[in-house]
Amino acid sequence: MLSFLLQLVQLLLVLLLAPLLTGFVRTLKARLVGRRGPSPAQPYRDLWRLLRKEAVVAENASWVFRSAPSLVFALSWLAAALVPTFALDLPLLRAADLIALVAILGSARFLQALAGMDVGTSFGGIGSSREMMIASLAEPAILLVIFTISLFIHSTMLPHIAGFVLAGEVGIRVSLGLALIALIMVAIAETGRIPVDNPATHLELTMVHEAMVLEYSGRHLALIEAGQMVRLLFFVSLIAAIFAPWGIAEASTAEGVGLVGIGLALYLGKVFAGGLLLALFETGIAKMRVFRVSEFLAGALLLSLLATIFLYVSQSL
Amino acid sequence: MLRGLEFDIAHLFSSSVLILSFGLLYQRRLFGVLQIYALQALAVACAAAWQAYAQAYPQLYVTAAIALVFKAIVIPVAFHHIVLRLHIHREIETVVGVNMTLLFGVALVALSILLVLPMTTTSGNLTRENLALALSVLLLGLLMMISRRNAVSQVIGFLSLENGLILAAIGVKGMPFVVEMSVAFSVLVAFIVFGMFFFRIRERFDTLDVHYLEAFRGERH
Amino acid sequence: MSPLAVILGLPLLGAAVLALLPWHRASARLNMLASLATLAAALSLFVVPVEANLFFFIDDFNIYLVVLTSFVSFTTAWFSASYIDHEVAIGRFTPAALRFYHAMYQLLMFAMLVALTANNIGLMWVAIETATLTTVLMVSLYRTRESLEAAWKYFILGSVGIALALFGTILIYFAAQPTVGEGIDALAWETLLAAAPRLDPNVLNLAFVFLLVGYGTKVGLAPLHAWLPDAHAEGPTPISAVLSGLLLNVALYAVLRFKMLLAANGAAIAPGRLLIAMGSSSLLLAGFMLYRRRDIKRFFAYSSIEHMGISAFAFGVGGPLANFAGLLHMALHSLTKSAIFFAVGHVAQAAGTQKIAEISGLTRSHPWLGWGLVLGVVAIAGLPPLGLFMSEFLLLTAVMGRDPWLAVPLVVGLGVAFGALAMRTHGIAFGEPGRETRPLTASLVPMYLHFGLVFLAGVWLPGPLVGWFQAVAALLGG
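Chains as they are written, first to last, in this note's numbering: chain A, 1 to 317; chain B, 1001 to 1221; chain C, 2001 to 2478.
All clues given are correct.
Below, a sample of chain B positions facing chain C; criterion: calculated Cβ distance under 8 Å:
id : residue
1  : L1115
2  : L1138
3  : L1142
4  : M1145
5  : Q1154
6  : F1158
7  : L1161
8  : E1162
9  : L1165
10 : A1168
11 : A1169
12 : K1173
13 : G1174
14 : M1175
15 : P1176
Honestly, the hints are just simulated from the structure, not real lab data. No experiment lies behind these values; they were computed from the predicted model shown. Cβ atoms here follow ideal geometry from the backbone N, Cα and C, with glycine treated the same way.
Please take these sequences and the hints and turn them into a complete structure.
Structural data, given as structure tokens:
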């Protein structure tokens, strides 16, 4: 019973935390470059404002265009809810398989790209094709990362992975380090952050994600933006769950409520630490040209490949 | 034989050398190449020092010191000056694309692992792994020399190849000091010779790009 | 004092003195004198036995190469004296460059002799690297655009080869260390050879591949030969003579030493096939390339690739007879090719150009020189009664005995090369003399001395030489 309750908490937590994380990063970035910036709560207000607005839809838009925002949002939310955040013993976590997560995100991306092309504007097409170009490199990389982890831990289930790392038998592993870097690079590409994409730009030469969703307005846009925020939180939680699971409560009995509380606090700490690092990183580096993105992602692919090779080497000894 | 943490740390250093080799292949800017090379030399120095400690073989500290001072500091700084003084354009031309080069690189790493791992069944784990990594670094250095047209980056490719050699030499237990001395020595000599080349080439031509030197062939009129 | 100390000490001392001596005539004499003294010390090896120590040793294999090296070094110094007189006269050499040239010449001799006498694979590696660096500097000596490019190419390819060879050397130590124990012993030839049957064959195989590719680059075996023609064509001609006549041999010697190691280990791969493949591809490639050469020095440089290919092929075939033929071929090619480069040097000076098309009618304008070149080409083409006929004939016999199919590339290669040699030489030596030729005061003695020896080897081989060759051929295995 308690575990169901905790699951509910997690569902709501990721939903509520996601805009705060995005807002936090925005504020921090503004402060870092010497501006005052909006309050971290600004995304909540934006979403609320958009939700109340009428959605304008192009005349030739099909049902794909109309249904995509809610589906994309639902899939992103589901993915984020599946990642163990503060407790391991949750009912939905039985489905928290890394490969399933990749599949969920892949479908969301596919829907989004379809919707981008649906209306037939040139921006939507550019955005979709760029998004697909990124995906074609990012997905092999993330699959290789998963492959490395599963070779090492013999499981693709997130609760098992977190439990294995918690047990502390890992030591210093070059391959895991490489997998971490590769995963971060992929996450940057997948969430459309600098240097791959700039979430704050509307310049036709550089935008990727924004170009794809340019036709949306009102509540559709709100859902898409919220999905994007949830996706950022998802990646932060995923990295935390695999590489820094410390503090996650392993069992959720009545006595363990205190542990769950600690887990919750630590989770919040991890998320904001991730946001801080992201803001620092984004402030320090410039966006790369679109045709260099493939090299960036090829780098991620390479690192994950190397991770696999290293692991193979040290295991075949 | 090394176990546990000692093994992991040695593994960490030699893997960093290999990863930095990939960094060299990835990097296009000349100054970036020099920085990565310096980092790689630093990683080699750390690996040597760690082996000296783990094998209780103090001569390797000297190797580490040579790598640190000479290869991680002196050479990059000197090259930096050369690049500045000669006003070489900052972007490196590659013969094949970066992605292709990286792909080749991975294939070479796989090749060297397949070559080294099955054959040396009688020796310690770390040595074998080290040899495999060193061979990869060596082959990647070769690849860099082939895939770059600019003389400075070809030289850096050669020097990173020598890093691979040092990595191999420190990994084999009790390798006599002769070889390390000679490697250090050869780096020195090689550097002098290279330096002379640069200045002469600079005297005659306005570019260090080896490609421009290929105009003349006895047979192509 | 042991003769070994003299052999190694004299060139080093000579290099130091020559680096300081400003008068070029005197340095040319001194250069000759130092080489002559080294030759005398080398000849004394025949009578004075030398104790092997941890770093140096003398055995049946290297004794004849040491003598050959010091002999060719002496005759080349002789040739060089008259060659540089001319170069100074036409202003291609400055006095400072000459000082450098003579010092480097002796340093190169030192490096090659160390490589030949080294009992330690690490030391041998260092020596070959030093030899490479000195020749790089000498190739770039004219400071022309072409010579710089040639030197650069030579340096890059040579360094890569050298680096690969060092990796092979490390692998050999890696193989030896569990059996022989740590430390300097595991790098000594004699220890290694004694322990060879107990070494890990897998490691030896891998090491040999690296050593073959590494030192094979220095031998100029295809497909790693790209540096060789350029380096030969753009440097001073005495250096071309030494490169072709000696340095290629030294590198091949290194490869053969490691082949002995593999031959002594029963379980390792037979490296013969690798050598046959590289040898025959060098032979065929060089044979066909000879037709398109327009520069006389490049022309004979390709011929060197061809002959190194033949030697490698012979050692690849293996067995007492083929190994014997290979050793003989190494020695005789060294004598013949250096003599040809002596001739070519004078030819280029007399005609004022290196372009084959612009040289003609030499037998009329300079009879001694022209006929000398013809003699050299006859020798290098493998016609009787000169020595190279002997070695090639022996090789062909051995191949026919082992595997007749292998004779096909060999015969094709030799035939193709013969055609090219005949065609080009005809134009150079006969017909009307070129438009402007200069009289020549050079001494042709070194060249004819070499041809005399090659002729002698064709008709009669001294007993002790045959004995050494047979002993070494047995060690080299099948």
